[in-house]
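2 protein chains.
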Amino acid sequence: MTDDRRVYIYDSTLRDGAQTHGVDFSAADKAAITRELDAIGIDYIEGGWPGANPTDDAFFKNLPETKRGRIAAFGMTRRGGRSASNDPGLTAVVNAGAPVVTLVGKSWDFQCKVALGVELDENLRMIGDSIAHAGTVAREVMFDAEHFFDGYKANPDYALSCIKAAYDAGARWVVLCDTNGGTLPHEVEAIVAAVTRVVPGGNVGIHCHDDTGNAVANSLAAVRVGARQIQGTLNGLGERCGNANLISIIPSLMLKMGFETGLTADDLKGLQRLSRSLDARLNRVPDRGAPYVGESAFAHKGGLHVSAVAKDPKCYEHVDPASVGNRRLILVSNQAGLSNLLARFEEIGMEVDRKDPRLARLIELVKEREFQGYAYDGAWASFELLARRMLEDVPEYFKVDAFRVIDERRWNAKGKLITLSEAIAKLTVKGERVMSVAEGDGPVNALDACLRKLLLPRYPQLGDLRLVDFKVRILNPDAATAAVTRVTIESADGTGTRWTTVGVSENIIDASFEALSDSINFKLYREGATA
Amino acid sequence: MTDDRRVYIYDSTLRDGAQTHGVDFSAADKAAITRELDAIGIDYIEGGWPGANPTDDAFFKNLPETKRGRIAAFGMTRRGGRSASNDPGLTAVVNAGAPVVTLVGKSWDFQCKVALGVELDENLRMIGDSIAHAGTVAREVMFDAEHFFDGYKANPDYALSCIKAAYDAGARWVVLCDTNGGTLPHEVEAIVAAVTRVVPGGNVGIHCHDDTGNAVANSLAAVRVGARQIQGTLNGLGERCGNANLISIIPSLMLKMGFETGLTADDLKGLQRLSRSLDARLNRVPDRGAPYVGESAFAHKGGLHVSAVAKDPKCYEHVDPASVGNRRLILVSNQAGLSNLLARFEEIGMEVDRKDPRLARLIELVKEREFQGYAYDGAWASFELLARRMLEDVPEYFKVDAFRVIDERRWNAKGKLITLSEAIAKLTVKGERVMSVAEGDGPVNALDACLRKLLLPRYPQLGDLRLVDFKVRILNPDAATAAVTRVTIESADGTGTRWTTVGVSENIIDASFEALSDSINFKLYREGATA
Chain A
1 MTDDRRVYIY
11 DSTLRDGAQT
21 HGVDFSAADK
31 AAITRELDAI
41 GIDYIEGGWP
51 GANPTDDAFF
61 KNLPETKRGR
71 IAAFGMTRRG
81 GRSASNDPGL
91 TAVVNAGAPV
101 VTLVGKSWDF
111 QCKVALGVEL
121 DENLRMIGDS
131 IAHAGTVARE
141 VMFDAEHFFD
151 GYKANPDYAL
161 SCIKAAYDAG
171 ARWVVLCDTN
181 GGTLPHEVEA
191 IVAAVTRVVP
201 GGNVGIHCHD
211 DTGNAVANSL
221 AAVRVGARQI
231 QGTLNGLGER
241 CGNANLISII
251 PSLMLKMGFE
261 TGLTADDLKG
271 LQRLSRSLDA
281 RLNRVPDRGA
291 PYVGESAFAH
301 KGGLHVSAVA
311 KDPKCYEHVD
321 PASVGNRRLI
331 LVSNQAGLSN
341 LLARFEEIGM
351 EVDRKDPRLA
361 RLIELVKERE
371 FQGYAYDGAW
381 ASFELLARRM
391 LEDVPEYFKV
401 DAFRVIDERR
411 WNAKGKLITL
421 SEAIAKLTVK
431 GERVMSVAEG
441 DGPVNALDAC
451 LRKLLLPRYP
461 QLGDLRLVDF
471 KVRILNPDAA
481 TAAVTRVTIE
491 SADGTGTRWT
501 TVGVSENIID
511 ASFEALSDSI
521 NFKLYREGAT
531 A
Chain B
1 MTDDRRVYIY
11 DSTLRDGAQT
21 HGVDFSAADK
31 AAITRELDAI
41 GIDYIEGGWP
51 GANPTDDAFF
61 KNLPETKRGR
71 IAAFGMTRRG
81 GRSASNDPGL
91 TAVVNAGAPV
101 VTLVGKSWDF
111 QCKVALGVEL
121 DENLRMIGDS
131 IAHAGTVARE
141 VMFDAEHFFD
151 GYKANPDYAL
161 SCIKAAYDAG
171 ARWVVLCDTN
181 GGTLPHEVEA
191 IVAAVTRVVP
201 GGNVGIHCHD
211 DTGNAVANSL
221 AAVRVGARQI
231 QGTLNGLGER
241 CGNANLISII
251 PSLMLKMGFE
261 TGLTADDLKG
271 LQRLSRSLDA
281 RLNRVPDRGA
291 PYVGESAFAH
301 KGGLHVSAVA
311 KDPKCYEHVD
321 PASVGNRRLI
331 LVSNQAGLSN
341 LLARFEEIGM
351 EVDRKDPRLA
361 RLIELVKERE
371 FQGYAYDGAW
381 ASFELLARRM
391 LEDVPEYFKV
401 DAFRVIDERR
411 WNAKGKLITL
421 SEAIAKLTVK
431 GERVMSVAEG
441 DGPVNALDAC
451 LRKLLLPRYP
461 QLGDLRLVDF
471 KVRILNPDAA
481 TAAVTRVTIE
491 SADGTGTRWT
501 TVGVSENIID
511 ASFEALSDSI
521 NFKLYREGAT
531 A
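Chains as they are written, first to last, in the UniProt record's numbering: chain A, 1 to 531; chain B, 1 to 531.
Because the hints were derived from the structure by calculation, they are not lab data.
Be aware that one or more of the hints could be misleading.
Because identical chains cannot be distinguished in the list, a pair is counted as satisfied if it fits within a single copy or across any two copies.
[What the hints assert, rightly or not] Below, simulated DSSO-like cross-link-like pairs (lysine-lysine); rule was C-alpha separation at most 30 Å, straight line: (1) 453 - 311; (2) 471 - 367; (3) 414 - 430; (4) 256 - 164; (5) 314 - 113; (6) 430 - 453; (7) 61 - 269; (8) 355 - 453; (9) 416 - 426; (10) 269 - 164; (11) 430 - 416; (12) 426 - 414; (13) 399 - 416; (14) 311 - 153; (15) 314 - 164; (16) 113 - 256; (17) 153 - 314; (18) 355 - 311; (19) 414 - 399.
Quantities reported herein were computed from a predicted structural model and do not represent experimental measurements.
Chain A extracted, bound-state conformation (with noise of 0.2 Å):
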């Protein structure tokens, strides 16, 4: 066991992550992650594997230049009854150019006979030339023993032997893999100690992944009881279940448990913007939840929770966001209390006397509307028209006399059948009767036509309004076609704001409208605009 509180990060999301399913990283994608990992202090930076794939050739042949981590170049030990400087996949490893050499070899006598068809001596030496021909060319070298776990618990002492052969033959570090990822805590617990009486902690790595939702549980425990190196991935990518989750490991490792990385406090305030940078280039949706980072992961829904979280944070706030460049959110919900109300308010710039009789009236509209089915958590454009609404004067900006949606399957002329849809609506605006007719693609998108063509001569300020997203749930769907709908719509404008609102019917037309009228209203609200 050693003392020393220096824990080494280990980066493969550009070797192992891209194995996820869905993901397919560019060259160059490969050489910007390598910056923005350099650049936060991650110390081993694992690019790919060089022979196995155009893409990851051209990243070794123009490595990016890094400043504070290491590139790894990824590959297997050499064949067997093979010389090490003789096998053309190891070579091609090894002469990538990378400072360091990440070789991954067999540790269960299991999958030495049955995948590998090999003898167990012969395995041995098959790590031990291999690391040691690699040292004779990198600066550094480690050691993957894959399926380490499973090994160790068939057979513990083959399992040791074969990290030890590894050691013997200069490898800096040996990563213990837990290449199902089916081992719980406790297990790697008592196996990484019983490795650390074999080889010093210092040297020994941890390498886990998701498959029964203990990854990062099992890389934290394998450091307690000494190893040094974690080997993950940012947002936990990864095949299967994914790999371990360093974005979720790093901030315990540093805040709770008292261990250094690379990262300096400064650095951890980054991490963010590392994950979220890393779902921008995949376009993935962030994960609301993820800890530490995610934009739930310090929001406060219940009443109670907001009121004590406003007296002393500590309350329900395990470590303060800003660590980790997150923020607060506070949400309004059918748990709506007063509290969480005056904490929107104050974030909306609306100045309620928290004595105003008008409020419990609010609350209730809430909870009622909440039970119809208005879900405000996410719509803050609706709540903060409902309130307004109810405690200022918003002005009418338009009023709908009526509206008609046709949709109309027919054969064209050319034989072909097609669906077109129409929306005729007839509006006031600014005391003046207005209509008119579009048409699109589909029924809310004729009617949204419709809408724009009436008021944007009208209200120019609607000129860079833009629908961003569109979203439909069923809420009883028992009811099937009669069903209730909500509808989510998300807006932007060309200042970068967005904005949610929502519309509530049986009629996914009529909620459709609803969610529509909310955003052109709150975007002129927003604007200041004169009915």
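With chain A fixed as given, assemble chain B onto it according to the hints.
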């Protein structure tokens, strides 16, 4: 420490899970989820907080009958300076009619002073009085010790005295809550071990949140040192980063740690279905990477892994996928596609020669349509129709010449704004040109009514056809109201058979019509109707 291997599972999806951002259960949702939890063998089902909101009141007013699980009503201990029998909040909870009452109270001295402003002694009396009072009415009472771990770290004696007060007052369980979710597994292990020296482990439960990504590991750690109840939610629903995910915990307990729960090995095979059913209800995309139940949890990419798995699954699978109702996924090649098709044909009793050249065309067609947005994974009836139309003769039961749907919002004679939907359809049925008009709640409901009106006299087999579920998913949300929509419809008939069909279009009306039409065609084909 107890030797008993039975662990009790307490589901809080309907209460703590309802705090999730964007989650809003109706009373009907709650009843349906209760039935599913009961059917699989969950021991305790927390239904909500009587008196807190109209939804929970509606649920408790009409409690679903359960066979294996007990429904719990959740609430708070009495207020300071008031008797337990004279506290309206507590009364509403205790008298809600649930067999189990779970009361939450403080156990952190800091919380008593800051959040509650209550003396430490009075807090102990609040706990004891409330538990004793609840015990006079409910069959079983438990105490959720809020902030127990933070409380124990700050003042172990006081934290222990709080749970002792509950236990001595007759609580069947004292449940240690990591309310802020910031406690790490090694801390949970040490603190729960200390607790079991004061309260027998067989009476101790654990309630974790996932703010550090360790909720699963924390729950398992507590059980390892003697706790025998785990509180959590399906799919880890819950505010901030979510509660402990029961879907991940239960298989590890049963398959790896040698514990028993209320689930049999056969029940466990329903775990994936339970998880998916909740996602479907919430219209959430299931997490591919979810431990045990995710679509990718047992996915293998081509090459080495696949051939090793073929030799022996334990090379790359930590448990048998079937044990939790999941299956191995070999990521698709044309050949794998063929085996999937043939397996499916066998299930539905279609005899197809595996060398039939039309099979390759069918695979291409399925891939092409899935690329457009169709998802045949759930919609087997639409898939079957597609396959039978290509490989066999499926009669054309009706042909749609045209339809038109009109949604009109206008002021009615009483000055109320109403929206009416009306559908007109023109079909050719059994050689005859027919047309009609019908009204409905929304465009799809109107279209459904119109089709039935036209078809039922010609196909009396449709008399018992019911639509039981209707789902809408927007596939490319960035396109907002012009986005591509997938509509999935579940149907049932008098025999209890259920089938699901799918439609995809930029126009939601078109997509709905396609799914409706498939449903009717499927029913007629199954009944052997003639056109």
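* **Up to 30 Å CA-CA - residue 311 versus residue 453, copy category** => neither (49 Å within a copy, 63 Å between copies)
* To do: Have a look at residue 256 and residue 164 and pick one of within, between, both or neither, based on CA distance no larger than 30 Å.
  => between (32 Å within a copy, 29 Å between copies)
* **Intra- versus inter-subunit Cα pairing at 30 Å for residue 314 with residue 164** => between (46 Å within a copy, 25 Å between copies)
* Is the C-alpha distance from residue 426 to residue 414 at most 30 Å within one copy, between copies, in both cases, or in neither? -> between (34 Å within a copy, 19 Å between copies)
* Please work out whether the CA atoms of residue 430 and residue 453 approach to 30 Å or closer within one copy, between two copies, in both situations, or in neither? => For residue 430 and residue 453, the Cα distance is within 30 Å only inside one copy (15 Å; across copies 45 Å).
* Using 30 Å as the alpha carbon limit, work out where residue 314 and residue 113 are close: within a copy, between copies, both or neither. => For residue 314 and residue 113, only the inter-copy Cα distance (13 Å) is at most 30 Å; the intra-copy one is 54 Å.
* Measure nothing new, just compare the shortest in-copy and cross-copy C-alpha distances for residue 399 and residue 416 to 30 Å and report within, between, both or neither. => between (39 Å within a copy, 14 Å between copies)
* **Intra- versus inter-subunit Cα pairing at 30 Å for residue 414 with residue 399** => Classified as between; 18 Å across copies, 41 Å inside a copy.
* Measure nothing new, just compare the shortest in-copy and cross-copy C-alpha distances for residue 471 and residue 367 to 30 Å and report within, between, both or neither. => Answer is both: 22 Å inside a copy and 25 Å across each meet the 30 Å cutoff.
* To do: At 30 Å max between alpha carbons, let me know whether residue 269 reaches residue 164 within a copy, between copies, both or neither.
  => So residue 269 and residue 164 fail the 30 Å test inside a copy (39 Å) and across (41 Å) alike.
* Asked: From the Cα coordinates, with 30 Å as the cut-off, is the pair residue 113 and residue 256 best called within, between, both, or neither?
  -> Between. Shortest inter-copy distance 25 Å satisfies the 30 Å Cα cut-off; intra-copy 43 Å does not.
* **Intra- versus inter-subunit Cα pairing at 30 Å for residue 355 with residue 311** => within (19 Å within a copy, 73 Å between copies)
Checked against the numbered hints listed earlier, the structure breaks hints 1, 7, 8 and 10; every other hint is satisfied.
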